[in-house]
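Construct the entire structure; sequences and hints are all you get.
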Amino acid sequence: DAMVIQNPRYQVTQFGKPVTLSCSQTLNHNVMYWYQQKSSQAPKLLFHYYDKDFNNEADTPDNFQSRRPNTSFCFLDIRSPGLGDAAMYLCATSPEGGFGSQPQHFGDGTRLSIL
Amino acid sequence: KNEVEQSPQNLTAQEGEFITINCSYSVGISALHWLQQHPGGGIVSLFMLSSGKKKHGRLIATINIQEKHSSLHITASHPRDSAVYICAVQFTGTASKLTFGTGTRLQVTL
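Protein chains in written order, with the numbering used here: chain A, 1 to 115; chain B, 116 to 225.
Everything labelled a hint here was simulated from the structure, so no lab data went into it. You may find that some hints are simply not true.
Taking CB as the label site, the calculated pair distances span [unchecked claim]:
hint	chain 1	residue 1	chain 2	residue 2	range
1	A	Ala-58	B	Ser-141	13 to 21 Å
2	A	Pro-18	B	Thr-135	39 to 47 Å
3	B	His-171	A	Asp-62	37 to 45 Å
4	A	Arg-67	B	Gln-222	23 to 31 Å
5	B	Thr-135	A	Phe-15	21 to 29 Å
6	A	Asp-62	B	Gly-172	41 to 49 Å
7	B	Thr-224	A	Asn-70	42 to 50 Å
8	B	Ser-160	A	Arg-67	20 to 28 Å
Derived contacts from chain A toward chain B, CB cut-off under 10 Å, selection only [as the list claims (entries may be wrong)]:
hint	residue
9	Gln-6
10	Val-31
11	Gln-37
12	Ser-40
13	Gln-41
14	Pro-43
15	Ala-92
16	Glu-96
17	Gln-104
We put the CB at the ideal spot given by N, CA and C, even for glycine.
Below, the structure written as C-alpha cells:
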C-alpha cells in the first residue's frame with residue numbers, strides 16, 4: 001500500500017545530543033509536513049516542503065532543522081534536544097500545496113523521549 | 116483570527132450508542148478534515164469535506180458552510196472506536212496548512 005512511513009517509532013536520546021527522525025513516502029506527493037504533538041495537545045506545524053521549497057513556521061525554534069534530499073524522503077533534525085522537545089513528531093504529505101482542498105496523509109509518528 | 120473549536124472535549128458512551136462530535140470555525144475555509152488518533156498512535160484521515168455530507172461505514176460527516184459548523188457522527192459505536200477525534204481546517208488563503216482543533220477524546224465502553 002502507498003504509505004507515509006516514519007522511522008523509528010520510538011526514539012530515545014540524551015539531553016543535548018543531536019537526533020534525526022526520518023519520513024518516507026510512496027505517494028509521490030509534492031508537499032511534506034512535520035508536526036510536533038505534545039501530550040494531550042493538538043499537532044503544531046513546524047515546517048513544510050513544497051517540492052524543494054522549504055517553509056518554516058515563524059515560531060519554530062532554530063533548534064529544529066529539516067532536509068528533503070528527494071521527493072520520497074524528509075528528515076527532521078533536532079540539533080540540541082531539550083526536555084521540552086519530548087513529543088510525538090508526525091510527518092504528513094499532500095499532493096499539492098495550493099489553495100484548493102488538499103487531503104493530508106499522516107505517518108504513525110515517532111515518539112521522542114529525552115533523558 | 117483563524118480558530119477551530121471542538122466539543123465536547125471528552126465523551127464516554129456505551130457500546131451501540133449514536134455519537135456526535137461538533138466542530139466550529141471562525142472564517143471561510145477551503146476544506147475541513149476529520150482525523151482519528153488512537154492512544155500513542157499516528158493520525159488517520161477519516162474525511163475531507165468542503166460541502167454537504169460524506170459517509171464511510173458507520174461514520175458520517177456533515178458540514179454547513181453558512182453556519183461554519185461540522186459534525187462527525189458514529190452510529191452503533193464500538194469499543195474500537197475509542198480514540199481522539201480531531202477536526203482540522205484549511206482556512207481560505209492559507210494553502211494546504213491545517214489548523215487543528217484540540218480534539219475530542221471518545222471512550223466507548225461495553
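Which numbered hints are broken by the structure, listed smallest first?
Of the numbered hints, 4 and 5 do not hold.
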